[in-house]
Every structure is written in C-alpha cells, then in structure tokens.
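One letter stands for each residue in the lines below.
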Amino acid sequence: MLQYIGRRVLQFIPVFLGVTLMLFILTRVIPGDPVAMLSGQRAQSPAILAAMRHAYGLDLPLPQQYLKYLSDILHGDFGRSIATGRLVSDIFIEKYPYTVRLALAAIIIEIVVGISAGVVSAVKQYSFWDVSVTLSTSLLVSLPVFWLGMLLQMFFGIWLKGWTNGQFYLPMSGAGTPGGPFPAYVYLILPAITLASVSTAYAARIMRSQLLEVNGSDYIRTARAKGLSEGAVLWRHAIKNALIPVVTFIALDLGAMMAGAILTETVFNWPGIGYAIYTAINKRDWPVVIGSTIIVTMVYMVINLVVDISYAFLDPRIRYGGGEAR
Amino acid sequence: MPIDNKTFVEPTEDGGGPVRHHLETGGAPLDQVADTSGERSRTLWGDAWHRLMRNKLALVALAYLAVITLLAITAPLWAKQLFGDPLYSDTTKIMATRFLPPSFQHPMGTDDLGLDIFARVIYGARISLMVGFVATGISVVIGIIFGAISGFYGGITDSIIMRLTDVFLAFPYILLAILLISLMGMGLGPVLVAIGILGWTTIARVFRSSILSVKQNDYVEAARAMGASDLRIMTRHILPNALAPIIVYATMSIGGVILTEAALSFLGVGIQPPTPSWGRMLNDAQSYVITQPALFIWPGLAIILTVLAFVLLGDGLRDALDVKVSE
Chain C
1 MLQYIGRRVL QFIPVFLGVT LMLFILTRVI PGDPVAMLSG QRAQSPAILA
51 AMRHAYGLDL PLPQQYLKYL SDILHGDFGR SIATGRLVSD IFIEKYPYTV
101 RLALAAIIIE IVVGISAGVV SAVKQYSFWD VSVTLSTSLL VSLPVFWLGM
151 LLQMFFGIWL KGWTNGQFYL PMSGAGTPGG PFPAYVYLIL PAITLASVST
201 AYAARIMRSQ LLEVNGSDYI RTARAKGLSE GAVLWRHAIK NALIPVVTFI
251 ALDLGAMMAG AILTETVFNW PGIGYAIYTA INKRDWPVVI GSTIIVTMVY
301 MVINLVVDIS YAFLDPRIRY GGGEAR
Chain F
327 MPIDNKTFVE PTEDGGGPVR HHLETGGAPL DQVADTSGER SRTLWGDAWH
377 RLMRNKLALV ALAYLAVITL LAITAPLWAK QLFGDPLYSD TTKIMATRFL
427 PPSFQHPMGT DDLGLDIFAR VIYGARISLM VGFVATGISV VIGIIFGAIS
477 GFYGGITDSI IMRLTDVFLA FPYILLAILL ISLMGMGLGP VLVAIGILGW
527 TTIARVFRSS ILSVKQNDYV EAARAMGASD LRIMTRHILP NALAPIIVYA
577 TMSIGGVILT EAALSFLGVG IQPPTPSWGR MLNDAQSYVI TQPALFIWPG
627 LAIILTVLAF VLLGDGLRDA LDVKVSE
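Heads up: the protein sequence lines correspond to chains C and F, in order. When the letters of the first sequence are read in order and numbered with my numbering, they come out as residues 1 to 326. When the letters of the second sequence are read in order and numbered with my numbering, they come out as residues 327 to 653.
Honestly, the hints are just simulated from the structure, not real lab data. Quick caveat, the model's predicted, so the values are computed rather than measured. Backbone N, C-alpha and C fix where the C-beta goes; we use that ideal spot for every residue, glycine too. Check the hints yourself; a few may be wrong.
Unchecked claim - Cβ-to-Cβ under 8 angstroms is the rule here; a few derived chain C residues that face chain F:
#1 L152
#2 Q153
#3 M154
#4 T293
Chain F on its own, in the form it takes in the complex (with noise of 0.2 angstroms):
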C-alpha cells in the first residue's frame, strides 16, 4: 500500500477561528456538540456537524455504517435463531444443507458447510467493525504520542522519532504484519496488535505537522506567556486545535484496516476458523470460485460497501472540518 506513505494532511490557514471555538466546547467530542446543534450555537465542531448533514454521500455512507454496526452488535440476539448457528455445522445433515439457493430462510444462500452465508456475513462484521475501531484506535494512540512529542519538543527527539518513521516506512507494509502476526501467534488479538502498531507512522507525521502549524499561533504564545507549563498547553490548547486532520484520516483509514485485515484473513493468518471473517469466508470460497459464486460475491460485496462508507464518511469529514488531505 504505497499509498499510505505519502498520503499527509496540513490543517487549513484560518487557524484563527479554532481558538475561540475550542474555549467554547472545551474540545469536546462532535457527537456530543452535535446535541447543541438545535441552538444554533456557532461551534466549530457544530458548524462541521452542519456542514456533514448537507453532504449526502456522507450522509448515505454515515446511515450504512449505523445499520450494520447495529446488525454486527445485535447479532448474536437474532442470528441464530433466524438463520442457523453461523458457526458450527450439523455435519450429518451437511449434504441436504450445503450450497442451498437463496430462499426466505437463507437470503443468501448456504455454503459448503451448510451455514447461512448472511448470518456469516453480519458476524464477519463484527470482526470488520472491531478491528478496523480497535486497531485504528491503537494506531491514533501511539501515533498521537509521538507525534506530539516529535512536534512539540522539535531538535534531537523530533530526528530520532522521524527516522523510527522512516524505518517503519522501509518495510514491505503487508509483509512486515505478516511477520508480526506469525511471531505472535495467529487470531485476533495479534492481527489488532500488528495492524495497530504498523499504523502510527502516517498519523504520528500528520499529528507532528498539524502541531507544528498550530504551535505557531499567538494564542500558544499567550499561554505561555502566562506561565502555563507545557502539559496545560498541550492538552487544552494544542491537542484541540491540532485534532480534526487526525479525526479525518482515522475515519479514513479504518476502511484500509479492514482491507488488511480481510487480506491478512484470506492469506490465512488473520481471524481463524470457526470465527467468521469476511476475508476468511474469502478464502474459503477459492475452491468454489467455478460452482458456487455467491461464496465469494457476498463477502465481497460487504467488504467493498463497508470500505467505500469509510472512504465517503472521510471524505465528508474532510469538507465539512476544512481539513486539507493530499494524496
């Protein structure tokens, strides 16, 4: 994914509104500005709410992503009894439930073990969903950390962070989480771990840059110049102001943490069976790629709309923050 290593986002030159706002709400999360919005308070956080509701792609792309995570969330309550154990089959009847067409019962049809392929489906996500939260999550922690140190402090820690960057950077992406992942022992803890740790690099560059632009600021100076110590900067007038790139490409990079992990699934060191993953699921329909088509299409298909939802949702949070991201 070569992309990743030049993909880097630059806050926009009106950082003089940001201030103001920030003192507002504190920094607080959008979703819990987006409560005010009824008000009309001017926030920034609420101006971007507006700004998101007006963009339907997003809008489309934020409705998916609630459905599904609500399905993913809610699935053990109901998938079972609808649809059939997605997990473990009855293998004495597998020869009268296997590649069964799609029916009422089946929406999607069964595969080669006889389990219903939309159950599977809905519980791949929440293996999807999760890792792509969770290592994202992971990977803005870290990233967050070395890139407010490498940022704030500049000189010697800012060389030494960046060329840890550089060395992450050196490595085939793909192969080196293999590695990773095979050092660790397979499943689902390492693949959160490995993809969570390769991915601070780009967010920690975008964090370091966004910093720099800020730090630059009178009101960073004013706060200084009160006698703030460096920590009360960093949190409460830094951090706030440097955040919406980052909030930008996480959202956006949760969609290429999915496709790694569906890679890393299909490569069989992912998410291990029983558990179904959309890469797995993958996997196992290679051998049916001439037969059974829908093996393959459905997983697919789920992995390719959830993706694109990231993508636009990102997007739209790019717009609607005024964030500029290159590529």
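Chain C on its own, in the form it takes in the complex (with noise of 0.2 angstroms):
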C-alpha cells in the first residue's frame, strides 16, 4: 500500500512540473510585457522599467524566472488585484469557503438523487420509472447548467411567489446575511440544484449500466443459486459491487466543483471563488484571472489524487494491478 502511495506520488511530481511550466508559459511568456501591464496605461521611463523589471526578476534567463516563480507558488504568492491592491491568496481565503459549501451540497444531491435513480433505473428495466430516468438524463446532460439555474430562478423564485401571493419563495441570488429573510441554508437550495444537475444525470447513467453489469454476472447467478432472496442479492452484492466506479466518479466530480462552480456562482452570484473569478474578468482583472485559476488548478490537482489514493484503499485489485489506475 505504501508502495502505490509513493508511486502515485511520484507520478504526481512530473504533472505537477507540467502545469506549472504550462502556467509559466502562458502567463509570462505569450502575453508580452507583464512590467507594461503593472503600470497600466501610463508611459514609464526606462529607467524605472528596468527597476521594476529587476526588481520581479524579470531580467534573470527564463529557466530562473520558472524557478522563481516555482517558489512563488510554494509559498503561497499568487500575485495581487490591479483593481484593489488586495493579494490574490487573501481573496481567495475570504471566498473559497462559500465554493466549499456549496460543493458539499451539491455532492450531497448528486449521492442520493443519482444512486437512487440509477438503482430505480436498473432494477425495473424497462419500466416507466427506467425510461424517465433515461429520458431526463439525456435531457440533463444537454442543457447549460446557467440556463436550467436561470429557470430554477423563474419558477421558485417569481412565479412560485406570484402563484402564492408572496407567501413561499426561494431567494434567487446570494448567500444571504445575518439577519436577512432567509436563514443562510435556504440559499443553498437552488444553486446546488444547478450544480449537482449534469453530473447527477452521469451519476445516474454510471450506476444504472454497471447494476445492469454486474446483475449478469457469475457471482450474482450464484447468489440466486444458492436461494438468496432478491433483496438479499441486490443490497449485499449487486449494488455493493456496482457502487465502485459511481463512487470514483463522484469523488471526482467533487475534485471538479471544488476547483471553483464558475457558471453556477457566476448565475446565482453566489460568492465564491468561482464568482471571483467571473468579476475579475469583466473588471479586466488579470491577475486575479490567472492567480485564482493556479491556486483552483492546485487544489484540483490535490483533490485527484486524493481520491486515486482512496481508491485504491476502497479497491485492492488497483494497488496489485500496476500503475495505470485510470
């Protein structure tokens, strides 16, 4: 076990160079002059070019500046906001709170909602619970995420409220403040719907295909064999089995949503980092832009392999099958 720790560790280390070599490029290299973006619009002398540019290190050979802005990274430096002087690190502590909530929600939706319609799904193939759930999901992983929160917004926000005279309603946008109309949970509701949506209707799709799998499987004719009752085959060794790779892809998609629900946020303007990111590019904020997408992409990367690790704790046939655990 150790052993397979260590290796996906390793393998971590590479990828970990390439992203950031990658970042390094895009960032320092493509976009010409970082010292002209630092000083805006106004004309600078030479001379104060050239010490602000030695000053960044922006004079050193590039192989240094990578180093340098390695290190950066590792200590936590992601640059600072041209609209407010405030360090990137700091915005991003102050919002990735609400990203992390909101994620939680989500995952908690897409658990309970996409095991249990996949199993529905499974168990009554061909019914007309199997055919709604096919039928939805097709539908669910067609549509933009913005535009079904823009419609959750229309009906449990306006015409909900309309139809009961203002009595029942749910908030549209926000986190909501002390204080406010609604306790803090209640503006949970439908960003995390919007959230969980697509990959709800994934979670859904995996689980209904590997219960069908496994239920023609040679253990499961066993367990029929031997006079198990149905409920018995289905509970202690279908799902059991079956549940692997939903529970893989849900750890993922977690990963996924705690890298920051841009669109999601960015409808409901819930405060996160995913919303941050979304005034940033609109106020031309760049490093906010890049800086936020960095540390987001690290804690991404963090999240993965988290969960290869897990996985294979969950799975033994991983950490004896060799390396490629994908």
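Reconstruct the complex from the two isolated chains, following the hints.
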C-alpha cells in the first residue's frame, strides 16, 4: 500500500511540474511585457521600467524565472489584484468557504438522487421509471447549467412567489446576510440543485449501467442459485460491487466542484471563488484571474491525487494491478 | 466536465472485417460511400449507413441538424429582410420596438434592444455550429497526429505524449479555456483555438487505443512483410480501420463544444457583441429573467436541441459503426 502511495505521489511530480511550466509559459511568455501590464496606461521612463523588471526578477534568464515562479507558488504568492491591490491569496481565503459549502451541498444531492435513480432504473429495467430516468438524464446532460439555473430562478423565485401571493418562494441570488429574510441554508438550495444537475445525471447513468452489468455476472447467479432473496442479492452483492465506479466518479466530480463552479456561482451571484473569477474577467483584472486559476488548479490536482489513493484503499484490485490506475 | 477525462472508446473485436472493406472503398468518407448504397454494395460504411437509416432517433437528429445548418448558412439572404437587422437596432425607435410579444413579424418577439429574437437565434446557430465543427476539427487533427505517433511508435514517445495528456487533463477545463482566451484576446478566433487545443487529449487517447488494437492485425504484419513504409502502413492500413471510434467520439463532442462555447460567451470571454451567440444572449437575458422570460427561453432551447441532436446522432453512429463507447 505504502509502495502504491509512493508511486502515485512520484507520478504526481512530473504532472505538477508540467502544469506549472504550462502556466508559466502562458502567463509570462505569451502576453508580452508584464511590467507594461503592471504600469497600465501610464508611460514609464526606461529607468523605472528596468528597475521594476529587476525587482520582479524579469531580467533573469527564463529557466531561473521559472524556478522563482515555482517557489512563489510554493510560498503561496499568487500575485495581487490590479483593481484593489489585495493579495490573490487573501481573496481566495475569503471566497473559498462559500465554494466548498456549495460543492458539499451539490455532492449530497448527487449521491442521494443520482444513485437512487440509477438503482431504480436498473432494477425496474424498461419500466416507466427507467424510461423517465433515461430521458431526463439525456436532457440534463444536454442543457447548459446556467440556463437551468435561470429556469429555476424563474420558477421558484418569481412564479412560485406570484402563485402563493409572496408567501412561499426561494431566494434567487446571493448567500444571505445575517438577519436576512431566510436562514443561510435556504440560499444554497437552488445553486446546489443547479450545480448537481449534470453530474447527477451522469451518476445515475453510470449506476444503472454498472448494476445491469453486475447483474449478469457469475457471482450474482451463484448468489441467486444458493437461494438468497432478491433483496439480499441486490443489497449485499449487486449494489455493493456496482457502486465502485460511481463512487470514483462522484469523488472526482467533488474535485471538479471544489475547483469552483464559475457558471453556477455567476448565475446566482454566489460569493465563491468562481464568481470572483467572473467579476475579475469583467474588470479585466488579469492577475486575479490568473492567480485564482493557479490556486484552484493546485486544489484540483491534489484532490484528484487523494481520490486516486483512497480509491486504492477501497478496491484492492487497483493497488495490485500496476501503475495504470485509470 | 469531469466525464471527458474518463470517456474512452474501444473498437470492437471483429477487427477482421474492416480490412476487406477498406480496400474496396479506400476508406472514403461516409457520405461519399453512401451514394453507392443503392447498388446494395456490402461495404463497412455502406452497412453502417443502412443501420443508421434504421435508427429513428438518429434520423430525426440528422434532419434537425440539416435544417438548422441550412437556415444558419442561408440566414444573411433572408433574415434581415424578413425580421429586421439582428445585429444593430434603430436606437431612436427602441422604446416602441423592444419586448414585443410573438407575432407574425417577430415569431419569438423582440429583445431589450428591439431586435428580433428568432433572427438572433438563427444567427447564433451560425456561431455555435461553426465553433462546434471547426474547434472539433482542430482537436481531431491534433489528437489524431499525437495519438497516431503515440500508438504507432510506443516506448518513450508514447510515455511523453501520455504524460502531456495528463498535464492537460490536470487543469479544470473551463478555467484553462478562460485563461487561454484571455491571453489571446477575446472573440471568435481565440474561442476556436482554445477549445480546439484543449480537446485534443481525449481524441489522442481514443485514437491511440484504437491504433493499438488495429496494429495487432495480421494484415498490418503482412503489409510490413511486403516492405511497406511506416507512413504507408499508417495511412493505408491503420488509419482507415481506426477511424470509426474517432467519428463517433467527434460527433458526440461537437455537442460538448457547443455547450462550452455557450458557457464562455455567457461568462463574457467568448463571442463579443454585437455578434449574436446563444451564450451571449443568455448573459444579456440575465437582467430580464423576472420580466422577460422569452429572452432566455429561446436561446436555451436552441442550445438544448442542437446539443441533444449531436448526442443522439453520435449514439446512432456508435451503434451503426458498432463501436463500443464506455461512459
């Protein structure tokens, strides 16, 4: 096991270096002169430009610049906002709890709804429920999440309010303030459903196809042959085995959601890191866009690594099966 | 879009069949071969075409895509005359022309600038379809080249290319797209390039695994024994037989590309106004969700129908070409 973890971590290093190198090339080499970008519209004297270049280490050879860039990242220095002068890492620390809260709420929906829909669909294959699940999952994976968000806003924020004469509705945007009209968790409902929608559809599909596949396997036939009840076969043998790929999918999806749900957060003005990136794009505040992307990419990579390793705990076939754990 | 990382395609086991077929057709594209189907010729692509024609859902999808493509291509010829300029409005008359309800003159009503929503949706189709085809085309070309090199030569080249795909897949997709586009300056060109560049990894992996399985066939060994060059073996023997999974995967991913373009334009980094694109229209509609739902309903429906059509067509092609695509 330790050996497996060691191997995965070792594989992580070249990918990490590749990712940082790519970000370095993209952000330092392509967009021209970062010093000109920092000084904005104002023209600076050549002496000041040279001094700034020296201060930022931009007069060093590129390989050395890359090493400095790496060390900046490892020391938590991701740059500063042009608009406000705040450190990107401070903005991240302020916004990230909201992103995590939204991701966890969405993942709960995904687990509960996705898995149960998949199980019902597979157990009652070709029934009314199966057909509805298949149709709605096809529809869900084809629609833009932000559009679904707007639809939900319209239904639960506006129409419902109209039908119930303002008695009952859900808030359409923001994360709520203390003393506001709703407790904080109510603000989570619509964004979490929106964020969970596509992944829930995929989870249901994977669960269904896995369960159908497991159902045709030898050990299920054996379980039936030895006289176990259908319920015991389903719960103790079939679902348990069919769950493994679904759990992996959901765990990787949690990683993706932790990387910020920029579309969902934008529709609902949810004050997470995704919405911060969106507002930074509109203000042309590139250091925030780039710095947040770097942080979020690191988070994403580390979560994926953790998922890979914990997957090996769950499924022994992985850790004895050699390096290709994909 | 985490599902992209795990989607992979495997060719079927009956790899023995295609060789005879590809010698007959020279691996010609599907539509050219389809012309000979009336003569009941038994080619791989002809068979596939017949199977596709029996799939009702795929046919409906194909018909929808044909209609919307035709409307999109011909739009400059009739849209302006029938429904008014979809790009610029007459600002002096804006209060009289904005938010009109659906009518014969404006089938979907007008938007906040008094522009005809139907004409804008059709113009949006031009952008979405072009981005879908061109960006997927870029991904397919890059992916096929890298996948072919990786699968054909193996060894250290293979390892390097596969680690490179790991690096690309280690990024959160939409953020990397935003970053690339921001650096190139926004608009249509950067969107095409960014989506095209980011899509190559999965195609490369699909094509690599497809090549690995084709490579083991006896006819490849035979060609090598006859002294064929690497390039000839690759283009004449391996490529045509490894193509089916790519066709299926590319068709399915056009839908994903259209969704990505819509998302980027929605966030404001994609297609810039006044060019209408579905994502941009949804962004503009955000201020009017309460009062004017028509502004976001129609572009959203257009996205769903088009994406669904590509997915269903992809499903149909998968069954017709007998390719195994795992979820």
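For each hint, the structure was consulted:
1. Interface hint at L152 of chain C: violated, since its Cβ lies 10 angstroms from the closest Cβ of chain F, which is beyond the 8 angstroms cut-off.
2. The beta carbon of Q153 of chain C is positioned within 8 angstroms of a beta carbon in chain F (closest approach about 6 angstroms), and the interface hint is therefore held.
3. Hint status for M154 of chain C: holds, given a least beta-carbon distance of 6 angstroms to chain F, under 8 angstroms.
4. Taking 8 angstroms as the C-beta contact cut-off toward chain F, the hint placing T293 of chain C at the interface holds, the least distance being around 5 angstroms.
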